[in-house]
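Number of protein chains: 4
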Amino acid sequence: MKPYIQKQMQAFQEQNRNRGRLLISCPDQPGIVATVSRFLFEYNANIIESSQYSTNPEGGTFFMRVEFECPGLSKKAKEIEQAFEEIAEQFSMKWKLSYVHDLKRTAIFVSKELHCLLELLWEWQSGGLLTDIALIVSNHEDARETAESFGIPFCHVPANKENRAEAEAQQLRLLEEYKIDVIILARYMQILTPNFVAAHPNRIINIHHSFLPAFIGARPYERAHERGVKLIGATSHYVTNDLDEGPIIEQGVERVRHHHNVEALKKIGRSIERSVLARAVKWHLEDRVIVDRNKTIVF
Amino acid sequence: MKPYIQKQMQAFQEQNRNRGRLLISCPDQPGIVATVSRFLFEYNANIIESSQYSTNPEGGTFFMRVEFECPGLSKKAKEIEQAFEEIAEQFSMKWKLSYVHDLKRTAIFVSKELHCLLELLWEWQSGGLLTDIALIVSNHEDARETAESFGIPFCHVPANKENRAEAEAQQLRLLEEYKIDVIILARYMQILTPNFVAAHPNRIINIHHSFLPAFIGARPYERAHERGVKLIGATSHYVTNDLDEGPIIEQGVERVRHHHNVEALKKIGRSIERSVLARAVKWHLEDRVIVDRNKTIVF
Amino acid sequence: MKPYIQKQMQAFQEQNRNRGRLLISCPDQPGIVATVSRFLFEYNANIIESSQYSTNPEGGTFFMRVEFECPGLSKKAKEIEQAFEEIAEQFSMKWKLSYVHDLKRTAIFVSKELHCLLELLWEWQSGGLLTDIALIVSNHEDARETAESFGIPFCHVPANKENRAEAEAQQLRLLEEYKIDVIILARYMQILTPNFVAAHPNRIINIHHSFLPAFIGARPYERAHERGVKLIGATSHYVTNDLDEGPIIEQGVERVRHHHNVEALKKIGRSIERSVLARAVKWHLEDRVIVDRNKTIVF
Amino acid sequence: MKPYIQKQMQAFQEQNRNRGRLLISCPDQPGIVATVSRFLFEYNANIIESSQYSTNPEGGTFFMRVEFECPGLSKKAKEIEQAFEEIAEQFSMKWKLSYVHDLKRTAIFVSKELHCLLELLWEWQSGGLLTDIALIVSNHEDARETAESFGIPFCHVPANKENRAEAEAQQLRLLEEYKIDVIILARYMQILTPNFVAAHPNRIINIHHSFLPAFIGARPYERAHERGVKLIGATSHYVTNDLDEGPIIEQGVERVRHHHNVEALKKIGRSIERSVLARAVKWHLEDRVIVDRNKTIVF
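Residue numbers (the UniProt record's numbering), protein chains in the order written: chain A, 1 to 299; chain B, 1 to 299; chain C, 1 to 299; chain D, 1 to 299.
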């Protein structure tokens with residue numbers, strides 16, 4: 001990694017050594033917020049940001065995200081988690097406590113088109129994406145120079161329809177070896193097998209180059225041009241085993257006109273893809289996204 | 001019609017008695033612009049606005065819209081049209097010459113939801129839609145009061161699956177009686193038969209409450225909610241006999257979030273529908289839209 | 001008031017008879033959320049929506065809005081308010097508890113241009129603005145017909161530079177007589193005196209027809225045209241005694257091009273003004289806006 | 001220059017060896033379009049795109065941009081220019097004929113913040129900006145590594161209030177030596193003297209980090225934060241000797257909320273600056289911008 005990015009990441013970790021994020025989902029009932037905020041107060045935590053949402057106050061599901069500052073957090077972490085388990089049981093909560101200084105480790109998968117990769121690297125080096133980009137994987141060599149100029153390990157794993165099993169086995173070994181938490185498909189043009197996807201639930205983020213559910217599948221810009229739409233878009237979503245049907249994190253569109261040919265749509269589209277994917281990744285890294293069946297709550 | 005709207009329309013007609021619009025489409029070749037602009041110059045016409053587009057300069061289709069000011073236009077109209085026929089033959093043109101003072105006559109079809117109708121009436125009374133709204137047709141009584149407050153004839157034509165043939169026969173008689181040029185389906189919730197549609201090619205404008213081609217057909221907001229999209233939209237298009245597949249004139253979207261339920265999506269959607277339909281209608285009335293197979297050129 | 005609007009308002013009040021909103025601002029310190037949510041829980045209130053913001057977790061100001069459902073709220077109201085006073089003192093809070101069924105009473109001030117008034121009335125009748133529009137005041141007669149068609153009392157108070165004191169005295173009497181909570185200046189083209197403004201702190205909402213702080217003062221569209229900007233906008237803000245300097249609630253813009261003359265800018269601008277003002281009013285009515293010196297927190 | 005960018009540029013030049021662009025401004029009168037299009041037709045030119053605008057058809061100024069394909073253009077260039085001179089005199093035209101294969105030579109001036117430079121280089125390498133970036137000039141060393149990685153000459157010219165005359169003399173020598181046509185101030189934080197500006201009329205493009213005319217001058221994000229605006233923006237304009245008052249080419253905005261501090265505004269702002277500057281530069285390079293006093297026509 002470039003020394004100044006490393007330095008920047010360390011400064012961020014230092015600043016956030018007492019910063020935690022609590023994500024909760026459970027059946028809605030009165031008293032959840034009171035109980036959780038009392039719990040945090042007892043550990044001297046100051047709530048910095050708190051968001052909540054209920055699908056239905058009567059019998060629905062309740063979601064909550066609390067970001068807090070807690071002096072001596074790292075030392076108390078184990079104790080806090082154990083103590084919270086009791087509350088979680090009482091309210092039948094699914095929950096997760098994240099420690100902000102504990103950066104998620106990211107792998108970016110890419111093929112030949114580099115615009116999404118470049119946007120992520122750029123946001124990363126300017127401090128907008130707080131993660132440890134530990135690995136870049138590609139079925140082509142095009143991204144090697146870029147990866148290496150950022151000091152990020154680059155692994156060329158040839159992948160195509162014929163060698164899918166073998167390629168994925170190698171990729172899974174790499175993900176394990178590099179202890180990867182998040183996989184970003186930055187215009188990675190290979191389909192992943194159910195096996196691979198199941199191993200990383202809600203941890204693979206894809207960018208699809210259309211405004212889903214319009215133009216699911218291949219050649220969306222060509223099909224948008226044929227249909228004569230007046231807006232084109234891009235969609236970032238978690239990958240599931242239903243093609244382009246995973247929970248949507250973010251979408252964006254731009255206006256187009258009759259004179260834009262397919263090439264022009266692709267150029268405009270690349271700009272949408274870049275910003276939509278960067279926002280979705282940022283929100284994921286900041287623990288702002290909760291998946292509820294096939295949908296996302298974005299706090 | 002309210003007297004002040006009538007007065008406003010007359011003033012507009014007076015101001016535009018020498019204003020014409022020429023729409024052309026033909027196989028592309030050099031010399032079209034030179035020939036057309038020379039032709040207009042010979043009739044002392046001053047070009048006010050001119051737009052053109054070619055699908056492909058080598059062997060494609062060429063489209064052109066010229067708006068011009070020509071002293072004594074109404075007297076010369078016949079002569080100009082006859083003279084232009086020669087050029088049209090030479091270049092194998094489809095063409096149309098519109099006289100701006102000759103306002104198109106519009107019928108608005110509506111069911112129970114009045115927001116699109118109200119937007120159109122409002123734009124109309126504030127001078128944004130230059131047309132003669134000659135008739136409002138509905139399969140319900142909800143719009144009667146509004147229509148009558150604007151002094152526009154209101155015709156209640158009960159229409160449902162059972163009496164479609166009979167209802168359409170009555171509607172066709174009305175359209176003929178009122179000499180209607182443009183039909184606007186402002187959330188008219190009945191399907192039109194192929195017979196009705198074929199009688200008005202590229203003259204029926206619909207608003208569909210989704211960002212087509214996503215959510216074709218019924219209940220788009222419900223389906224958008226189920227899918228968890230982050231943007232919802234509306235599409236205005238010419239009606240053809242393929243449901244929601246006609247040439248798109250205009251689209252719009254708005255951002256939504258996880259906490260918006262179906263009711264909230266509908267409310268946001270109504271605002272998009274209003275503005276998208278109003279823009280599409282405005283462009284049609286200003287002769288800005290040329291249909292090329294299943295797509296539109298909007299100048 | 002039109003009977004169906006009245007009916008709609010009553011239904012809303014009935015649905016929300018147990019709905020409250022608590023707005024708080026105080027110096028930030030740990031334990032506020034815990035204390036407030038515990039308090040609500042003890043009164044069996046279920047938190048429906050909760051938002052908070054701190055200008056600085058260390059020594060800044062903390063703002064909070066909680067919307068809750070509390071069985072038997074109206075009966076317990078007095079008791080709750082008294083009990084909360086103790087917490088408020090402990091944390092040095094400024095606070096307000098609103099009862100949703102207790103609709104705010106609104107007066108709309110308007111001059112000759114009616115587009116903002118019409119947008120508000122429309123949103124109101126379609127259930128988007130939950131308030132009792134009790135009065136329309138104007139220095140002209142143009143809005144009378146509209147006001148009366150909605151069954152809203154209309155008061156013509158001639159106002160100009162000469163008779164300002166007298167006119168305002170009459171307006172103040174009307175506001176008192178009709179027990180007005182919120183005053184909306186929907187393109188009301190008269191300046192209010194410091195006396196009038198001081199009597200309604202953060203309760204007068206204005207729409208200014210520019211993207212403030214650009215083009216403060218008169219003739220903003222003319223000046224935008226002279227400057228050749230590529231976007232025009234509108235700003236809704238609370239009125240203070242510094243012209244166009246009050247706390248901004250909402251802003252919007254639209255793209256314009258070189259061919260748009262002043263008249264076209266005004267037309268585009270009217271559409272922005274309508275939607276920006278409607279959003280600002282909606283947020284105010286839903287108790288989403290907290291004023292902090294010359295700025296707003298919008299939850 | 002990186003070999004593949006060079007190759008890409010050469011391919012573009014080869015494809016466009018017969019492509020010309022004619023820009024015209026003159027007093028409006030009938031017959032201009034007819035004469036110009038006839039002229040082009042006589043040289044076998046096929047019009048690819050044509051735009052026009054008149055400030056007022058009666059006595060205003062007429063502007064026109066025609067892009068055309070003319071077989072053997074480079075050989076006929078001199079002849080065409082001489083022949084057109086006659087038409088230009090007849091209509092009192094200011095005009096310019098650009099040859100697309102003849103790429104403009106660009107210098108980018110930058111200080112310490114590199115986001116605008118990076119966006120331009122990226123658009124350039126992906127084929128979105130067709131120009132020869134011949135030189136990067138900076139008063140700091142921060143951009144050197146980036147410049148050199150793209151194979152672009154980098155010149156460090158220390159510049160500050162004290163040595164302005166000397167620094168500009170050196171810069172002017174460099175601009176001459178590298179035959180620069182366009183100067184882009186990509187967040188170059190030094191003020192240019194009237195002397196420097198006068199030497200490059202309508203050829204210096206700046207990006208200002210506010211939505212002009214709001215927040216002219218220094219520290220716009222700080223002032224936007226103090227004022228509590230709900231949208232922030234950026235403006236790209238030609239540099240004149242009135243600070244931030246030059247003709248605006250393009251503007252953009254993004255929504256912000258109360259919780260965004262100055263640092264967050266800057267981050268959002270950088271993204272707006274990037275895209276606004278890139279669009280303005282692209283339009284300038286494609287000869288789409290005509291300056292009319294303090295305003296631009298963008299075709």
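Fair warning: there could be bad hints in the mix.
Each pair may be met inside one copy or between any two copies, as identical chains are not told apart.
With a straight-line cut-off of 30 Å between C-alpha atoms, the simulated DSSO-like cross-links for lysine-lysine are [as the list claims (entries may be wrong)]:
1. Lys267 x Lys161
2. Lys112 x Lys282
3. Lys75 x Lys267
4. Lys7 x Lys266
5. Lys96 x Lys267
6. Lys2 x Lys295
7. Lys112 x Lys2
8. Lys267 x Lys78
9. Lys267 x Lys112
10. Lys267 x Lys7
11. Lys267 x Lys94
12. Lys96 x Lys282
13. Lys282 x Lys267
14. Lys76 x Lys96
15. Lys295 x Lys266
16. Lys104 x Lys94
17. Lys266 x Lys282
18. Lys295 x Lys76
Don't read these hints as lab results, they were simulated from the structure.
Hints, verified against the model:
no., hint, in the structure
1, Lys267 x Lys161, "within (28 Å within a copy, 41 Å between copies)"
2, Lys112 x Lys282, "both (23 Å within a copy, 25 Å between copies)"
3, Lys75 x Lys267, "neither (50 Å within a copy, 33 Å between copies)"
4, Lys7 x Lys266, "between (37 Å within a copy, 21 Å between copies)"
5, Lys96 x Lys267, "between (40 Å within a copy, 29 Å between copies)"
6, Lys2 x Lys295, "neither (37 Å within a copy, 41 Å between copies)"
7, Lys112 x Lys2, "both (23 Å within a copy, 18 Å between copies)"
8, Lys267 x Lys78, "neither (49 Å within a copy, 35 Å between copies)"
9, Lys267 x Lys112, "both (15 Å within a copy, 29 Å between copies)"
10, Lys267 x Lys7, "between (35 Å within a copy, 19 Å between copies)"
11, Lys267 x Lys94, "neither (42 Å within a copy, 33 Å between copies)"
12, Lys96 x Lys282, "within (18 Å within a copy, 36 Å between copies)"
13, Lys282 x Lys267, "both (23 Å within a copy, 13 Å between copies)"
14, Lys76 x Lys96, "within (16 Å within a copy, 37 Å between copies)"
15, Lys295 x Lys266, "both (27 Å within a copy, 19 Å between copies)"
16, Lys104 x Lys94, "within (20 Å within a copy, 40 Å between copies)"
17, Lys266 x Lys282, "both (24 Å within a copy, 17 Å between copies)"
18, Lys295 x Lys76, "neither (34 Å within a copy, 39 Å between copies)"
Hints 3, 6, 8, 11, 18 from the list above are not met by this structure, while the remaining hints are.
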